[in-house]
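Visitor: Spelled out, the chains give:
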Amino acid sequence: MTLAAEERAELEEVYARYADLLDDGPLADWPALFHEECLYLLIPRENHDRGLPLAIMRCESRGMLEDRVRAVQETIMHEPRYLRHHITNVRGARTDDGGYSVIANYSVIEVLQDELPRILSVGRYLDVLTRSPTGALMFREKRVVFDSVMVPNTIVYPL
Amino acid sequence: MTLAAEERAELEEVYARYADLLDDGPLADWPALFHEECLYLLIPRENHDRGLPLAIMRCESRGMLEDRVRAVQETIMHEPRYLRHHITNVRGARTDDGGYSVIANYSVIEVLQDELPRILSVGRYLDVLTRSPTGALMFREKRVVFDSVMVPNTIVYPL
Amino acid sequence: MTLAAEERAELEEVYARYADLLDDGPLADWPALFHEECLYLLIPRENHDRGLPLAIMRCESRGMLEDRVRAVQETIMHEPRYLRHHITNVRGARTDDGGYSVIANYSVIEVLQDELPRILSVGRYLDVLTRSPTGALMFREKRVVFDSVMVPNTIVYPL
Amino acid sequence: MDVDGATWSWPDGGVTEVPYAIYTDPGIFAREMERIFSGPSWAYVGLEAEIPQPGDYLVTRIGVRSVVIARDEEGAIHGFANRCAHRGVKVCRQRHGNARFFVCPYHQWSYDARGRLRGVPFINGVRQQGGMPEGFAREDHNLPPLDIATRGGVIFASFSATAPRLEDYLGDTNLSYFDRVFDGRQLKVLGYSRQRIPGNWKLMFENIKDPYHASLLHVFLVTFGLFRADQPAQVRMDPSGAHGLLISRRGEQGATADTGEMSSMKEDFSLADARLLDPVKEFPDDATVVMQTIWPNLIVQQQSNTLALRQIQPLDPGRFELHWTFFGYGDDDDAMTLRRLRQANLMSSAGLVSADDSEVIKLAQDGVAQYPDDVGVMLMGGRGTDDEDHMVTETAIRAFYAHYRRVMGL
Amino acid sequence: MDVDGATWSWPDGGVTEVPYAIYTDPGIFAREMERIFSGPSWAYVGLEAEIPQPGDYLVTRIGVRSVVIARDEEGAIHGFANRCAHRGVKVCRQRHGNARFFVCPYHQWSYDARGRLRGVPFINGVRQQGGMPEGFAREDHNLPPLDIATRGGVIFASFSATAPRLEDYLGDTNLSYFDRVFDGRQLKVLGYSRQRIPGNWKLMFENIKDPYHASLLHVFLVTFGLFRADQPAQVRMDPSGAHGLLISRRGEQGATADTGEMSSMKEDFSLADARLLDPVKEFPDDATVVMQTIWPNLIVQQQSNTLALRQIQPLDPGRFELHWTFFGYGDDDDAMTLRRLRQANLMSSAGLVSADDSEVIKLAQDGVAQYPDDVGVMLMGGRGTDDEDHMVTETAIRAFYAHYRRVMGL
Amino acid sequence: MDVDGATWSWPDGGVTEVPYAIYTDPGIFAREMERIFSGPSWAYVGLEAEIPQPGDYLVTRIGVRSVVIARDEEGAIHGFANRCAHRGVKVCRQRHGNARFFVCPYHQWSYDARGRLRGVPFINGVRQQGGMPEGFAREDHNLPPLDIATRGGVIFASFSATAPRLEDYLGDTNLSYFDRVFDGRQLKVLGYSRQRIPGNWKLMFENIKDPYHASLLHVFLVTFGLFRADQPAQVRMDPSGAHGLLISRRGEQGATADTGEMSSMKEDFSLADARLLDPVKEFPDDATVVMQTIWPNLIVQQQSNTLALRQIQPLDPGRFELHWTFFGYGDDDDAMTLRRLRQANLMSSAGLVSADDSEVIKLAQDGVAQYPDDVGVMLMGGRGTDDEDHMVTETAIRAFYAHYRRVMGL
Ligand code: FES
Ligand code: FES
Ligand code: FES
Ligand SMILES: [Fe+3]
Ligand SMILES: [Fe+3]
Ligand SMILES: [Fe+3]
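Protein chains in written order, with my numbering: chain A, 4 to 162; chain B, 4 to 162; chain C, 4 to 162; chain D, 2 to 411; chain E, 2 to 411; chain F, 2 to 411.
Simulated from the structure, these hints should not be mistaken for lab results.
Positions of the beta carbon are idealized from the N, C-alpha and C atoms, including for glycine.
A portion of the hints provided could be inaccurate.
[As the list claims (entries may be wrong)] Okay, the calculated bits of chain A under chain C, using three or more residues with CB under 8 Å as the criterion:
#1 11 to 22
#2 89 to 95
#3 118 to 129
[As the list claims (entries may be wrong)] On the chain E side, residues computed to face chain F include the following (Cβ under 7 Å):
#4 91
#5 106
#6 107
#7 109
#8 131
#9 133
#10 137
Please work from the sequences and hints to get the whole structure.
Guide: Written out as structure tokens, the structure is:
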């Protein structure tokens, strides 16, 4: 089943805003893209393919997303860096509740101070979006399955 | 001549599915995106620009695509790897038979086991799509012209 | 405010053509995508974030863009190279004059002769597009804010 | 400098001064691979639970060397170098699998689970032509075998045939804490996390053997009282100093007389979703954190209810990989499994706590690499290398380097 | 180890044992660049068909050194180092082109097709100021020239003036097979394929000189009977052992008495589109595959109807580039050209067959790099270095290393 | 080769022959870091305008070493190594900021603006346990300090305490031209450009000290008459030859008697938008271009109205970074600021002119790296090292290497 142009346009907007908030902030607004009851998993493709449950980030509610954001900003010691997303090849299907189940490819390029850009992470989003009472699309589930199983040092920010 | 939103949406779907099948499989379903009489060329930009015909993959029918897929899976000895496509900046024009001639940019990031992600190939698709009796878009021609003329070791999977 | 599918499609076309002209030429046609009174800045994110005005390319008119293009082709000594753009996650808003203010993510992969592909530049476009008398969209302002502050040797072509 | 050329020697000051050269010098690294990782040590290579069935195998690295750990048809575990006896090709390309024989892709020499050469195609030639010469014996071309020792479901291997019994190697104290986690219950693998850290591999051991940093670097730990300098703690070593234990008990949160010096503490930070931290007691003693370091490549982590083995794989003087295996027990109920998975948010390549460590290790490597002739000082808690009953000490690091100097002859 | 310091020597066992150090040691690599690639050898640099017109030139590498091969106004071919005599700048940046003079970008010193310095801007200064001093003579600053030899449209070059005649260099047997492909007909370049392989350059020669692997590694070849150990074959060398020939004739497909040991064979694999393999006989003899290796950097491939030259360009001990030039003949009809292009599916950086080789070479480098002190064994077919009439032998590799040891003084 | 092993020596020919090995050899690079960048030299580290307030600091590199330059509460400027005295961690991670104390992230040792150790958490232990031993004195663990010299708002630093007065170091001529730009007016930073160039750091100095290339390589300069060999010019050095000045005055455009040899000139190229080039005279003298090179890491650029400091940061023999700081004066009006910003199109990592230089430096490194035993020749303008009044000379490069050889003992 393919998406109508208007549906695709709406999804592209959501993903553009998602990238925007993670790359250019404010990071504190990013959790608002998720439903209060949500599941966010950052999971190595190796675990995903083998049916192993371990994720390197696991947030089971918007609250946990907010805690992660706050920790990134207030508690985690890390070098300054820039991140840049490319989210492409969005494909999906309508769900019964007027939302969508979506698959998209992503890559995140990281720039550490005085370093050349490098690929921090690459993989696929396995998402379920639902509609808020106001009709806005929100993430109910987001599984970031990353092919780049060997992480270059540290992943500080959500992807 | 620009594409209407619905036309663009339909093309985006085709390319998303194309990426999906190569990156996450089943690879065996990938040839079905092509017309039985088709031409698939994986050609270094150097040859393309100089008018030299040699391609490093040359499939002149869906059957040859199937043979390539089967060889990848059954005969070629290769290290395990993940591939991830980004297909962007799709632009095209309607053709007389209701299909499209399309140009798109692509990159493929490769992840070998225990290695960091790297760019395997980058370049441009020069495609001709046609409609099947059922109205579905299929590739009649696909020229993968890759800028990354110096191949990092081996290209095992089609791009 | 989100863009309608048709608006998004029109913008995607503009950016696809933009990438096309820079990656595959003719480069001489690229300035025609800009309004005669335009501002093109290639500015390190570091300067942009700190409010420092210095850009490494600064063109204040289409004429200056033409001068840059001509210098690239006739006066700057440089090694042969291929460039490939990915312009993604386009988001924007309509402006009063029927144009758009747009933000998009970009990356440019560079291939030097006999080298492996590498990321030349990554960042974000901060653009203002306006309509020409004929109704075509043209860039009135384009700020290329690049995260990859440490430039790998030289940037010869506009990004 | 040239460590082999005897033009270089360890500076005075015993183990209170550590020369930066040991983090960057290729000659020292080469000797480490030889004497430490290929010497009479027991390197962690995996869990029995990862290769439960006959024919199951896994591939890992000891130092820079790829090795295969395989279970034979009788269920016995063996190990051998992952490098064909013919012309050196890596025989095994998958990280894990099940195989009766290991067949090299190049000429299909095949080896059994012991790494013994079993098949050589065309050994007698084809149609009376070619084949192996007089005197060629398969048994002369087995793969270099590894000694294997297992305990509590954990597999160790050694390139040397002269390593002491694993139990003697660990020593009583470390053995007892090892048995505390690996108590005979079935282990259940929950998943893996892998990261490549741009620092010398010894910086990882320094980090885990260093209770001093925990209350200062790890704001998250301090803020939520998970680990603090003013909490009851012990530092324990084996007699050699090679292995170490960091044992602590969660205490009060909030400010106390001693938190003044923990300037990093965020008193106003409370979790929006408390489920992230809802530890339950699951071990007989009161310890809430036990970090065990086992020479030369293993960290056993028990941080509240998140259990993990961290395997250190050096790549070169300036880089190492950390391979995490998260696990629980076969008898965990779903709630406990979920708890372990949630607490894993603190410890991984993206851990709320461990991210501090991988980031600071990079900063350490960046710092020392610029000053090859300088030294670091390890004076906290004095100059000794003995056990301590508090966290304000670098004694375990000093003990580690005392052992290191003996093994390396530096 | 230090090969120059005489602290290292080739292990006993002659050429049946090859030390892994020669694949990884920088000192050995430096010596290879000096004695092999800059010594009295003939390195392949291109085809006359690539520079047909006066002024045409191409840029390639001999070992790690960039060189220019140019045709002068009289049509004669010359070669010289691509490195300005002034301050070392790479003079020529394009892979190929047409130029009367080669002008360095930095100060525009210009050289002719022989690499002779012709122009020095401001050699006499400007307005009586500056310029070159007394005694400066342009002829003292020509670019290091290369000796050039051509045969059958193929161009070879040498940094040394003492290389033997090309014909003597190749020897009768190799010369006759060289002439078999380069028989005087006009050559038509079909295109290029380039790949950077993470392995030592000698592993490429081992691979092509090794008929033993073909029936085992190359499932595709075996499955379609293109190359099998039970087919008629010869291995031929020149007297020095430097060059080699692998000659075979396609035989039956399907199982035979001997295919049992070719466990990899896929009997049920038949092509959906048979056009991929429709070879036609085009050479006088019955050989369907002739792979020729020419010291120090060339492989001439005739695999059915796909013809290619593979040029080896070492980068460092652990990496080399393979530059493929595919060609046909000026008198090929379209059907033959199309046939060659189709069969190229088997041989390139994405070849159904050659992909096995580039992948296995990486696995070999990965394997040997971990064990610098070990050796590979080359005993298949005995210990000799003579010609053989079958495929079950490593004789050509042994012969190659016998020559290698002489040249390298190892 | 081994420069320390005395197995290597500078070739004959004084400074007219420069061995390529100095661009590629690790041993020579290590000695450069020691004797040149850590020796009695003054390295540029920043501008006072970048740290105007008490507590302001910036982080930069001298050679490969990270350093902090900080202004204390009294407004005095200090510098120290950015490397913790405890265990080597990079203390400061931001490129710039404001801080009263510099706190190492690992154990929060804190240092003041002089790099003096002020705080050591738990120095007395916790609850009578642990802490620092008898005899531990904070003052024994200060960070290695830098000597600081400032002039005209420019900050220089030295790892050595024996560097001469900055004024004596520069010499009268260079000092006067330095004062010409840094004349006491407030400086206004316009922004930064940073690039990593794949060449040896000395190639950057050669380039700027080389007026000979400007009229030949830089087609844009020549075409628009900004810099030409037939224009009035001087080359000036300090007595040591370490520092240099290239001074020229814009002359006519279009062809003249001497442009014949500037084959690169594009007479038909006129700007579509002339605002790119509308220089105004702003200095008392007639010089339109003054390029000053200050040993060991600074280029002061005045090209028409674009002013920049270029700081050279070597990474290894084959790579260096160029960090550009563009500036104007506090009393510039908007038109002048805009003019400087427009003219910056000529000079940066994407400069219409400087792009030629970064590209040619890569080509030089590519060229010399292939021929480690060859030499470059520097004969233009003779063999001397004295000042000249024209552009057709390499005298400043010869003077640079004469000084280099003395400092390096080569
Ligand atoms: S290399 Fe393993 S079988 Fe030959
Ligand atoms: S370096 Fe070639 S002309 Fe100066
Ligand atoms: S390393 Fe800086 S405080 Fe310990
Ligand atoms: Fe820690
Ligand atoms: Fe092969
Ligand atoms: Fe210049």
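Visitor: Next step is simple, just say for each hint if it's right about the structure.
Guide: Going down the list of hints, with the structure as the test:
{"no.": "1", "hint": "11 to 22", "result": "holds (count 9)"}
{"no.": "2", "hint": "89 to 95", "result": "holds (count 3)"}
{"no.": "3", "hint": "118 to 129", "result": "holds (count 5)"}
{"no.": "4", "hint": "91", "result": "4 Å, holds"}
{"no.": "5", "hint": "106", "result": "6 Å, holds"}
{"no.": "6", "hint": "107", "result": "5 Å, holds"}
{"no.": "7", "hint": "109", "result": "5 Å, holds"}
{"no.": "8", "hint": "131", "result": "3 Å, holds"}
{"no.": "9", "hint": "133", "result": "6 Å, holds"}
{"no.": "10", "hint": "137", "result": "6 Å, holds"}
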